[in-house]
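**Student:** Chains as they are written, first to last, in the working numbering: chain A, 76 to 397; chain B, 2 to 170.
The hints are simulated quantities; they were obtained by calculation from the structure and are not laboratory data. Bear in mind that the values here come from a model prediction, so they are computed numbers and not experimental data. It is possible that some hints are incorrect.
Okay, derived cross-link-like pairs now, DSBU-like style, lysine-lysine, Cα gap no bigger than 30 Å in a straight line [to be verified]:
no., chain 1, residue 1, chain 2, residue 2
1, B, Lys24, B, Lys158
2, B, Lys123, B, Lys84
3, A, Lys165, B, Lys24
4, A, Lys196, A, Lys326
5, B, Lys84, A, Lys79
6, B, Lys32, A, Lys175
7, A, Lys78, B, Lys86
8, A, Lys356, B, Lys158
9, B, Lys24, A, Lys362
10, B, Lys73, B, Lys111
11, A, Lys79, B, Lys160
12, A, Lys343, A, Lys247
13, B, Lys90, B, Lys105
14, A, Lys134, B, Lys123
15, B, Lys157, A, Lys364
16, A, Lys78, B, Lys157
17, B, Lys152, A, Lys362
18, B, Lys118, A, Lys78
19, A, Lys104, A, Lys343
20, B, Lys62, B, Lys24
21, B, Lys32, A, Lys362
22, B, Lys118, A, Lys165
23, A, Lys79, A, Lys359
24, B, Lys84, B, Lys157
25, B, Lys158, B, Lys132
26, B, Lys118, A, Lys134
27, A, Lys348, A, Lys189
28, A, Lys79, B, Lys32
29, A, Lys175, B, Lys24
30, A, Lys196, A, Lys134
31, A, Lys343, A, Lys362
Here chain A is said to cover these stretches of chain B; the calculated rule only asks that three of the stretch's residues, wherever they fall, bring their Cβ under 8 Å from a Cβ of chain A [what the hints assert, rightly or not]:
no., stretch
32, 29 to 35
33, 147 to 154
34, 158 to 167
Glycine residues also receive a C-beta, built at the ideal position from the N, C-alpha and C atoms.
So the chains spell out like this:
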Amino acid sequence: MRKKSLTLFSDGTLYRKENTLYFENAQGKKPLAIEGIYDIYIYGKVTITSQALHFLAQKGIAVHFFNHYGYYDGSFYPRESLHSGDLVIKQAEHYLDREKRLRLAKLFVRGASKNMERNLKRFGAEGNFSELLEELEDTRKITDVMNVEARIRQEYYALWDETLPDGFKIVKRTRRPPQNEMNALISFLNSRLYPAIISELYNTQLTPTISYLHEPSERRFSLALDLSEIFKPIIADRIANRLVKQGVIKKEHFREDLNGVLLNDEGKKIVLKAFNEEMRKSVKHPKLKRNVTKQRLIRLEAYKLIKHLVGTQEYEPLVAWF
Amino acid sequence: MREYLLTELFVTGTEINYLFICKTKLWYFSKGITMEQESEWVDLGKFLHEKSYFGEEKEVKIGPISIDFIKKDDIIEVHEVKKGKSMEKAHEMQALYYLYYLKKLGINAKAILNYPKLRETKEITLEGREKEVEDSIREVERIKSFPIPPKPVKTKKCKTCAYYELCWV
Chain A
76 MRKKSLTLFS DGTLYRKENT LYFENAQGKK PLAIEGIYDI YIYGKVTITS
126 QALHFLAQKG IAVHFFNHYG YYDGSFYPRE SLHSGDLVIK QAEHYLDREK
176 RLRLAKLFVR GASKNMERNL KRFGAEGNFS ELLEELEDTR KITDVMNVEA
226 RIRQEYYALW DETLPDGFKI VKRTRRPPQN EMNALISFLN SRLYPAIISE
276 LYNTQLTPTI SYLHEPSERR FSLALDLSEI FKPIIADRIA NRLVKQGVIK
326 KEHFREDLNG VLLNDEGKKI VLKAFNEEMR KSVKHPKLKR NVTKQRLIRL
376 EAYKLIKHLV GTQEYEPLVA WF
Chain B
2 MREYLLTELF VTGTEINYLF ICKTKLWYFS KGITMEQESE WVDLGKFLHE
52 KSYFGEEKEV KIGPISIDFI KKDDIIEVHE VKKGKSMEKA HEMQALYYLY
102 YLKKLGINAK AILNYPKLRE TKEITLEGRE KEVEDSIREV ERIKSFPIPP
152 KPVKTKKCKT CAYYELCWV
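Generate the whole structure from the sequences, applying the supplied hints.
**Tutor:** The following block contains the structure:
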């Protein structure tokens with residue numbers, strides 16, 4: 076039995092009665108098979124009892140909360156059960172050693188760029204970042220790495236935009252609040268992806284706060300931010316592109332709010348459904364010779380990072396072959 | 002040959018077991034990089050353990066070793082519960098290590114490997130096999146001291162191993 080992510084979209088109460096977890100809402104109460112839950116994503120107004128939280132902690136299930144606008148607020152991240160002092164030391168060593176850190180930071184940007192190039196081809200645009208990637212190789216500071224990354228992303232959005240239908244052009248990437256529909260869609264997907272990466276990291280011995288491209292001092296799970304560079308193009312952007320080009324997401328799924336544009340409830344539901352389906356889709360892994368889900372690819376990325384850190388194998392960021 | 006002092010024995014039964022299954026797995030495991038908790042096989046193992054052998058003293062921890070359960074007859078019996086026999090050598094060495102450890106404590110015991118699914122048991126005694134155990138302990142220590150994990154070797158076992166993805170991705 077593969078454990079699944081659970082999304083609670085409606086308002087209700089999550090509680091524990093004996094050894095069963097229940098979700099009760101206007102439609103009635105529903106028992107949830109705890110052994111089948113991987114993690115929980117809460118979009119509705121949900122009351123959770125401490126007993127339910129104790130139970131979830133005991134089973135090592137993370138709960139991710141999203142605010143009224145659909146943006147990630149934070150997680151109930153149960154006490155870590157997987158510890159490896161050796162790995163924490165390796166992680167820190169790769170942060171403290173400038174060369175080692177730069178190497179990893181560049182690899183994240185390189186992987187992200189390759190995936191953006193791959194997307195452009197799929198989306199029907201032309202573009203490659205080889206010149207910017209050459210520039211990346213010569214950078215000696217993390218801020219410069221970040222800078223090149225930002226320029227690649229800017230070019231990527233401009234090229235992607237040429238293929239997007241009118242009314243769904245990015246124009247300029249804006250956040251908090253997004254200024255148009257496409258920005259709202261991309262932001263919503265990214266804020267669903269980030270905690271999914273946190274959940275994967277939770278299930279490894281990696282310390283989620285020690286990162287390489289982003290600063291650990293960002294007071295976030297910044298390693299998840301590093302990894303999200305790789306996955307934003309191949310998961311979030313692809314879903315966004317498909318939903319608007321196939322006309323699944325329309326103007327009516329947005330609303331104006333906070334001097335910006337946001338998805339409305341129906342829009343959020345459609346996007347979450349697409350996201351969950353996408354994460355469950357599998358692709359044949361060329362090295363493992365096995366089918367792996369898109370979600371599992373995140374875990375595999377964490378494993379590759381572990382191998383890089385312990386010195387078994389140089390990290391090679393995932394470049395979508397699918 | 003160097004005599005092992007009890008205070009130096011930090012090797013766990015699982016490590017001795019893994020030595021005979023896969024040295025790469027042993028290295029990762031000894032560094033705290035474990036992944037068993039997700040494997041369905043482990044769930045099955047736990048289930049077998051919980052549902053069998055009622056009334057015995059279970060999960061007996063002595064120093065670095067953790068014995069599935071103990072029975073006291075005229076001689077102490079150390080019981081290990083296993084699913085199948087494909088890793089029999091590993092099971093046997095793990096049991097021998099427990100006996101060796103107990104002997105150092107001055108406890109004479111014998112071990113029984115239980116295969117509830119196969120409805121089989123196998124009795125193991127330490128007599129004459131101390132050297133085998135000592136060689137294994139030494140080998141475990143040697144592998145744990147490597148700065149990087151030994152290169153994995155692909156075998157049939159890999160297919161069902163929880164470390165499959167870590168090793169081969």
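**Student:** Take the hints in turn and mark each one as holding or not.
**Tutor:** To see whether the hints hold, each was checked on the structure:
no., hint, result
1, B:Lys24 - B:Lys158, "holds (12 Å)"
2, B:Lys123 - B:Lys84, "holds (13 Å)"
3, A:Lys165 - B:Lys24, "holds (21 Å)"
4, A:Lys196 - A:Lys326, "holds (26 Å)"
5, B:Lys84 - A:Lys79, "holds (27 Å)"
6, B:Lys32 - A:Lys175, "holds (21 Å)"
7, A:Lys78 - B:Lys86, "holds (29 Å)"
8, A:Lys356 - B:Lys158, "holds (27 Å)"
9, B:Lys24 - A:Lys362, "holds (21 Å)"
10, B:Lys73 - B:Lys111, "holds (10 Å)"
11, A:Lys79 - B:Lys160, "holds (23 Å)"
12, A:Lys343 - A:Lys247, "holds (22 Å)"
13, B:Lys90 - B:Lys105, "holds (22 Å)"
14, A:Lys134 - B:Lys123, "violated (35 Å)"
15, B:Lys157 - A:Lys364, "holds (14 Å)"
16, A:Lys78 - B:Lys157, "holds (26 Å)"
17, B:Lys152 - A:Lys362, "holds (16 Å)"
18, B:Lys118 - A:Lys78, "holds (26 Å)"
19, A:Lys104 - A:Lys343, "holds (23 Å)"
20, B:Lys62 - B:Lys24, "holds (25 Å)"
21, B:Lys32 - A:Lys362, "holds (25 Å)"
22, B:Lys118 - A:Lys165, "violated (42 Å)"
23, A:Lys79 - A:Lys359, "holds (20 Å)"
24, B:Lys84 - B:Lys157, "holds (17 Å)"
25, B:Lys158 - B:Lys132, "holds (27 Å)"
26, B:Lys118 - A:Lys134, "holds (27 Å)"
27, A:Lys348 - A:Lys189, "holds (27 Å)"
28, A:Lys79 - B:Lys32, "holds (29 Å)"
29, A:Lys175 - B:Lys24, "holds (28 Å)"
30, A:Lys196 - A:Lys134, "violated (43 Å)"
31, A:Lys343 - A:Lys362, "violated (35 Å)"
32, 29 to 35, "holds (count 4)"
33, 147 to 154, "holds (count 3)"
34, 158 to 167, "holds (count 3)"
The earlier numbered hints that this structure contradicts are 14, 22, 30 and 31.
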